[in-house]
Every structure is written in C-alpha cells, then in structure tokens.
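S.K.: As a plain string of letters, each chain reads:
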Amino acid sequence: MANLINTFLLTDLLKGLWTTFKNQKPSKVVTEQYPLNRPPVAERYRGAPRLNTHPETSETLCISCNLCALACPEQLIVVTSERNPETKRKDLTTFTYDVSRCMFCGLCEDACPVDALELTQDFELATYTREGQIWDRQMLEEGPLPVRYTH
Amino acid sequence: MPDTPNSDDKPRPAPSARPPAAAGADRPVRRPVPKKPAEMPCEPWEGALPAALQERFSDRLSRVVLLGGQKLLVAEIAAAFEILSCLKQEHGFDYLVDVTAVHWPDKPEQFEIVWTLYSFSANERVRLKAGLAEGQPVPSATALYSSANWLEREVYDMFGIEFQDHPDLRRILMPDEWEGFPLRKEYGIVQQDSDWVRENLKIESAQ
Amino acid sequence: MAETTLAPPEVQAETLLDSNELVLNMGPQHPSTHGVLRVILKLDGETVLGTDCVIGYLHRGVEKIAENRTFQQFAPYVDRMDYVAAVSNGLGYCMAVEKLLDAEVPPRAQAVRVILTELNRIASHLLWLGTHALDIGAITPVFLCFREREEVLKIFENYCGARLTTHAFRIGGLQYETYDTFEKQCLDLCDLMEQKLKEYHDLLTGNRIWVRRTKGVGILNAADCKDYGVTGPLIRAAGIEWDLRKAQPYCGYENYDFDIPTAETGDTFDRYMVRMEEMVQSCRIIRQAVDALPEGPIKGKVGKVIKPPPGEAYVSIEAPKGELGYYIVSDGSLNPYRVRVRPPSFVNLGALDKMCRGSLVADVVAIIGTIDIVLGEVDR
Amino acid sequence: MEQLLANPYVPPLILTAVIILVFPLIAGYIVLAERKVLADLQVRLGPMRVGPYGVLQPLADALKLMLKEDVIPSQSDKWIFWLAPVLSTFTALSAFAVLPLSDRFFVADVNIGILFILAMSSIGALGLILGGWSANSKYSLMGSLRAAAQMVSYEVPLGFATVTAIMCAGTLSMQGVIASQLERGVWGAFDNYGLMLIPTVLFIIAGTAETNRAPFDLPEAESELVAGFHTEYSGFRWALFFLAEYAAIVVISSLCVTLFFGGWLRPFPNVAALEMPLNTLFPAALFALIALGCSKGVFRQALAGFRLVMAALTGLFLLVGAAFALPVANELMIGLFWFAFKLAAMVYLFIWYRGTFPRFRYDQLMDVGWRWLIPISMFGLILNGVVQLFARG
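Protein chains in written order, with our numbering: chain A, 1 to 151; chain B, 1 to 207; chain C, 1 to 380; chain D, 1 to 393.
Honestly, the hints are just simulated from the structure, not real lab data. Careful: at least some of the hints might be erroneous.
[Claimed, not checked] Covered, in the sense of this in silico footprint (three residues per stretch, anywhere, with C-beta under 8 Å from a C-beta of chain D), are these stretches of chain A: (1) 11–17; (2) 70–83.
[Said to hold, decoys possible] Facing chain D, a subset of chain A residues (Cβ under 8 Å, in silico): (3) N3; (4) T20; (5) Q24.
Glycine included, each C-beta is placed from N, C-alpha and C at the ideal position.
Please build the complete structure, drawing on both the sequences and the hints.
M.R.: Right, here's the structure in full:
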C-alpha cells in the first residue's frame, strides 16, 4: 500500500528534486574562475623544472653529474660540461630540458644529489611553438617570464 | 591572450638548437650486465594436483615447480590444450586470467606462450608455459574459456602467433594494415621514434 | 563471436533504408563511449543483434616501452594506463618488481600504500558514478562526484605533487613521507564521503527512472563472469564473493576489517549498488589504516640500481576495475625483459557483446558505462 | 494614428512583428536562464565571461551561430533539409498568435484557440521528423523516428488533460478560459475540490514529453544518439531548431498557465483586499530587489564596461519597479507581469527536472505513456466530469 501511494505521489522523484534544489545555495558553488582567482598549488607540486643557483653568488648548484639525464625515462635532459683545469671539477656549460616530452614524474628531481634540479609549483607552460618548449640553461635558471592574462 | 615569454617579439633569444645529442643519441637499448646475478628461488611443487598432472602427462610436462613461490608448469605446446582442459574440467581452474607470450629470439623455440589460470574454489593460481618455434600453430583456448578470445587476438597482434581454431583471429590493438609484430624483440621502437620526432618536431630526438 | 564480424559501416550506407538490419557505428567520437571506444552495432530497429568492438585508438605500446626502460623508469608509465586509478597501477607494478627482487616493504609504507590505493578506489568509483549517470541522462551527479573527487585529488597533490598520474610509489616503498595534515585530511574525506553518498542515493537509487533504466539491463551471471574472465565489481554483482584483497591479501589487507559487497542478479543496478557500497568499505579501510599508521622507515632495502635476478613473477591486485596483473620477466639486466599487463578493463570489455545482445541502443550506453572501462587501460 | 490603431488588423500585426523580433532574444535569455539555473543545481556558476555574470552570453551565442559555416550534408535531401527547421520554427511561433499574454496584449482571441495550439504543436513534430530524415544520417533517422512516436503517444494524455480543463471552463477560447477562472474564483488546477490537480500534473508531464525535454528528451538523447534529429544541423539552421524548441516550451507552459493557473490573473483574483499588495507592492518590491542585486554587482566587477552594464541593468529594473507604482502603467503591465511570472515558474520547473532526472529508455517512455498516463488521464476526465455534473448541478 505504501508502495502504491509512493508510486502515485512520485515521492522518489520529489526526493531527487529536493536534493538538487538544496544545491542552489550560493555557498555551495565550487567553481574556481581560473585566470581570475588562482587555486593554491601544493607545496610538493611537480611543475616547471628549475635549475637552482646559489642565492648569493648566483652560481649554478649543478655539478654536471648527469644523473638526472640517466634517470629520466624520456631521456629529455642533455647536460654538457667541460673540465675546469684549475679546480679539476666539471663546469656546467649547457643544460637542455625538453618540457614538451616531460611527464613530471619527478625522477630527475629524486636523482639530483645536490638539489640543483627541482620541479617547481609553476604550472603554466603553454607556448606558441614546439621550440618554445625546449628550455635552455638560462630559462631553467631564471624561470619562464611570469604569464600575464588579460581578461 | 596569454602573454608568454616565447612569443616571437620577446627580447630573450630563442633557445638555441639542441646541443649535440651525443650524450644519449646512440645509447644501446640493453645495457651490458656486469656480473651474474642470483637466480630466483625455485623449488619442486608437491601436492595432489602436481602429482596428478605429472602422472597423466608424464614427460610431456617438463617442469612442475614453485618459482619464487608461484606455481609453474612447463609443457610441450602439443599438450597445452589438453592440460588446459584437464585443469579446467578436472581441477576446477575455471578462470583464465591471462594469455600472453614472451619472445626469446636466441632460443630455438622462439616464443613462449604463458597461460595464467585461477581456481575460485581452491583460491589457487597456476601458470602454464609452452615454447614454440616460429610458424608453429598453437591450439586456441577459446573453446574452453571465452576470455581467451580477445587475449589470444592480442597475442596474435603483438607477436604474430597464430592460434588454431580461433573464431575471429584479427588484429585487435594495432590497425588492420599494420606491418610487423611490435612486441617481437627485433621490432625496434627507437628508430621509428627518432624518425617521427625529426619529421614532426624538426628536432633531433635524444633517444 | 564469428557472426559479429561486421562489414565497415561505409559499405552499408546505401542500404540504409532498404535492409532490415541497421549497422550503426558508435564512436570513436561519441559522447558516451568513454573516450575512443568504437562499437559497431548491428541493429534491428533499436534492438541490438550483435556488437563488434574496435579498440586500439589509444594504443601506446606500454609493454614495448617497458622493455626499453629501466625498472624505475617504467614506473611513471603505468600510471598512464588506467589514469583514473593511477595509484593502483603503480602499486601493482611496484609489488611485481618487489616480488622479483624478493624485497621487503616496511609496514609504514604498506599502510600508506593501502590508504592511497583506497582513496584512489573512491576517486575511480566517483568518476564512474558521474559518467555512468551522465550516460543514463542524469546530468547533475557528474558535478557532485567531481566535487568529491577533487578532495581526493587534493590529498594526492599534497602527498606526491601530482593529481592524476601520481607516480606515488617507488619500488621498495615510498619516495615521499606523509605530510602534516595527511591523517586529518583522510579522515575528513571519509566523513565527507559518507555524507555525500547519501546525497547520491537520494538522487539516484530510489529514483524510478534510474531503477527502470538499470534493473535487468546487461545481465552477466556468475558462470558467464568466470567464462569471460570478468572481475571486480562485475563478478561481485553476479554473486561471487571474490576480492583479491580478501582472497590473496597483499600489502597488509589481511589486517583490516572490511566486507566484500555482493549482489545477486549481476545487472547494471547491482553493479551500481556494489560500487556504492565499495566506497563505504574503502572509507572503513582508510579509517583503520590511518588509526593504526605505524612509525618507521618508508623504504625497504632496495639499492639505487634495481636489477632483479633472472626469473619471472605474476602479481595481481584488486584495482577498482578488477584484477590488475603484472607478469614481469627479468633476464637479470637493468631493463625488464618483458612486462605484461593484465588489464581488467580490456578483459571486462570482452564481455560487452554478451551483455548487449537483445538490449536496446540506450542500454548499450548504460552497459559500456557499467563495465567502467578506461580506454587508456584497454588499449595500453 | 488613433485611426490607424482603431483598424482591427493593425494592433495584431504590430504585436506579431514585435513577437517575431523579440522572441529570439527572449529565447536566448531563456537559454541563459537555463544554463544559470542548471549551474546552480550543479554547484557551478555557469557562463560568467561574456558581460558581467554572463548577461551578454545570448548575444555572443547568436552572433556565433549566425557566423558559423552553413553545412549541408552532401547526401541529404537538400530541400527538405532546408525546410525542416523553418517548419518547426514557423509552427512554434504561430501558436503564439492565440496566447493571452494579458487582458490587452494578444494577437487574436480565437474561439478555438486551444485547438489551434494543439494543432500547431502537432505539425511542429513534422519539422523534427523531416529534419531527421532528410539528413540521411542514422543517428538523425533514429532520433526522428523516436520523435514521431513520442509526439503521437503523448498528445493523447495531453489532449485528455486539456479536455478536462476545457470541460471545467466550458470554452475553447483562451481568454474565455481565464474569464471562467475569474468567474469561479479559483484557478483551474484547484477546481472541482482539488480533483483538477490530476489533469494538471498529467499536463505538465505530457507537456514535458511533448516539448522533448528531459527526462523525455529521447529524440535528441545526447548520450545515445549524439544529438538525435539535429545531429547534422549546424549554425543558423540548428539555431532555428533551438528557437523552435524554446518556443514550444513557452507555448506549452503558457497553455498550462492559462488552463490551470489562471493565466494573467493575479493569485486570489476575487479577494479585493489583496489587490494592492499583490498588484502594486509585490512587483515593485520584486524589481527593486533585482535592482539591488544588480547594484551589488556594479561594485564587484573589475572592468569599467562591465560596471556600466550592471549600472544600466540596475537603472532599468528600478525604472520598471517604479512603473508598477504608477497606476496608469500598472494597469497596462500587471497582466503581462503575472503571466510572465507564472511562465517563468513553469520554465524553471522544466529546467529543474532536467537537472535532476535520468532519461527514460524508449520502450519505457512508451510504456509510461500508454499504460499509465493515458488511463489516468481518462480516469481524471471521467472523475472530473461526474463531480462537475453533481456539484454544479
């Protein structure tokens, strides 16, 4: 009997309607209007790569050990260096990172023994050309220019 | 419009062409193995099931072992179907988990077909392996298990192993007109990839 | 199966109005084939006479890639198979390599792995629920589900820095220690889920349209499930109480108290109820794991260079979609000799033809949704 | 001028022109309302970028649709393909002719007004069928076949519900129906001791099916048939189908409002004490409230242009609100206001369904129509007839 009443009074449908009706409360909106307000990115976020430099001397921290290049599954890092005759150490000459093929797995970051290579919180990596995705040492050290969005 | 650093009129010089990719260009796919590593633990598998199988198939079943604790049978390819149907009908292995193959180009029996079976009643998993040479036919398990249909199609697609009496042996993942069998060891991906990168990205691949 | 081999639709275009049978090409661009699945339907009116799946549009050759990468390097790739359950994929792969290495994983790492995989199960089921409801025409649940899924993804992002393709686990344990509010966030999520699941039930479970659309649709009984190798929620909905977490416990699942939800008929509604209940059970496991999270190291004794001895291993886990197995052959070098993935979506999709015959076009959409496929995993 | 207006043909012609010109804009804003309300139901914001809070979105959409390339499938029957959207729009807009927008705004008060609307909506189905058939696409064909079967099935309960209302009112003229409700002092929906609620609910359900709205949107079932009968349509032709759909919604809602909810009458039309609060205070306060909301938006917008738009909207709504305070303007507009108010409530209901329910399956749709709605509507008709016979003597 109760079933029959429910069938004719459409209670199940009204329950659904009430559920959606309650969702209309403005405080329930979850949309983030992305370029206008930016969600915070987690501290450990794996985004654009950065080659860290010494904060005071701005010399690179990279010791050209090539471990990141070996760790990379996509083999998109190329490190070249030359031996400095005075210090007997390898000096970094170029560092190329092909962001277009990067899958941000973080293996290079894990491999780096001196915390020189780091994946940062920057996630806006779009460019107009494929070539723009190949980052050289300067770009890796300074980071891409901040992107300005006009509405 | 996003004002990105890479639009053409920016003062920053465009990143120079990739430096000589010598570092990683011709790296061999398989790196040399310096010292001989240890073997996986392998012990004889004892119990009612292996005894029954050994009695029935005797010398057609070359290995009945626990490899790293996992039950493994190695058989002749000609006996494979019979063993499968015996396992299904007499020992309750009613679920064919997987059919796959491994390519060993240096061995006389180039391919190794691997069936993984599971029994719901005994909560037991058994792996059956059988080697076969190029061109040798394999009996299809579709008559026993419907799940073999797609799994065998995939093996055919990837290794070119023909299953006899399969109802619908076509390529499944690759396009119908594809040439070659991708998971064979002689099928190189590095060359193909470099060509693609050179043609489409106009850069040298670092692979 | 043979009679479902259909001519491509182009050939039949001219006989559109003359023949009794209509060949309808659904996909690979279609709103509800969940990506790039293509199903060729042979129809009589709107009744399905046979189907033929064309897959492989997302084939990337993951198994071939594996042979050209080291064991560690391959780990991020497995995330890209079932990308809505990347953590489960990573877990299966790491466990398989650990099996080859015979490596121990410390208890803390085990517990964190359990928490993250169960979170991932919730995320995967939420995505399934939203898209499945959308396929059946209810357009609101998808947004609600994504709202809750976002909370799960936030935990992933905080934990390992990525939301979807997480690469959360490493061979031998974990790379990242948990963060300060990890436990609290997980428990909050469980509370939230229990509250929101009620909302989903209000919206769908009792709704007469939903019930009529799902009850008796796409029935796959227990015998067929075994025959087709169908696993996961599909086999549980058919009445077989089988879950690898209970049948062959791994990662310390034997220490947690949870139930395996089952149903009887194995139709779309049963699968819906099973998955809804699984989310509740996942919350239960997460609560227990968080409460009993042991202290200690997070990485076992695994060297920097991973080189398993020659041998092979098949390891499978209960992924959100069913049994996810990894069969890895090692020849003693740095790279795996062969990695075979036993994808649950691929095998489950094999039963589509069986489930669709005799139903209507609208049911095909519901059935594709209820199998819960991810084309990245079907095609690999 | 006076003389011109006195001519019986001129005011209807002017009104017709106004409807044809203004309705596309109204339809555009109904679409915007639909998107906004759906977004609300789904914890989203909806369109926010074109103009402040997306208020200019309909204009942008219209522009986009007009500038889109006009694609006609090469294998299609071109004349019918061309004709179908025109037919759909034409019939849907024709039905506007008999809608009693208020006591003084209507194109024609025909003595068979209701019949005319039903006839027009039946011919409208032809547009969908032809459109789906002529495109020579399988999805379209299935969509149009579904449309045909659905329209035929659901016109029956819709007809029965309408007949019940006509029986209660005793006339087929739209203005006559409203007049009868005024005379009896109760809305059609609550007449006959509340028994008229049965045909009211049935009318709303069948009307939803008649306009192909969710959960009965099978002819264009997105997840099954891609877009159903209009799969192959694009650009302006598609826009015409869209226009026809929204016109059909407005027509069916208007019919429902007229038959069951008193048309342009205010609630409790016979209680004189409510005249002042309902007819003057309510609309003035409503528009003042909307204006207040808009004025808040002025300060929240960052761009000067958007602020201007919000300020203009604030002014506009204040002006309308003030107009209701003026007796002369009030008398002119109040009927229109109540009609639009009730219409908006109906349209909201339609959107609310869509945001909540899953879609029926084709055979279930037929099952619901033939096995439930038709018997119940016949029962409702007989029950109301008997009650009316004895209650009214």
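S.K.: For each hint, tell me whether it holds in the structure or not.
M.R.: Right, here's what the structure says about each hint:
no.	hint	result
1	11–17	holds (count 3)
2	70–83	violated (count 0)
3	N3	15 Å, violated
4	T20	4 Å, holds
5	Q24	4 Å, holds
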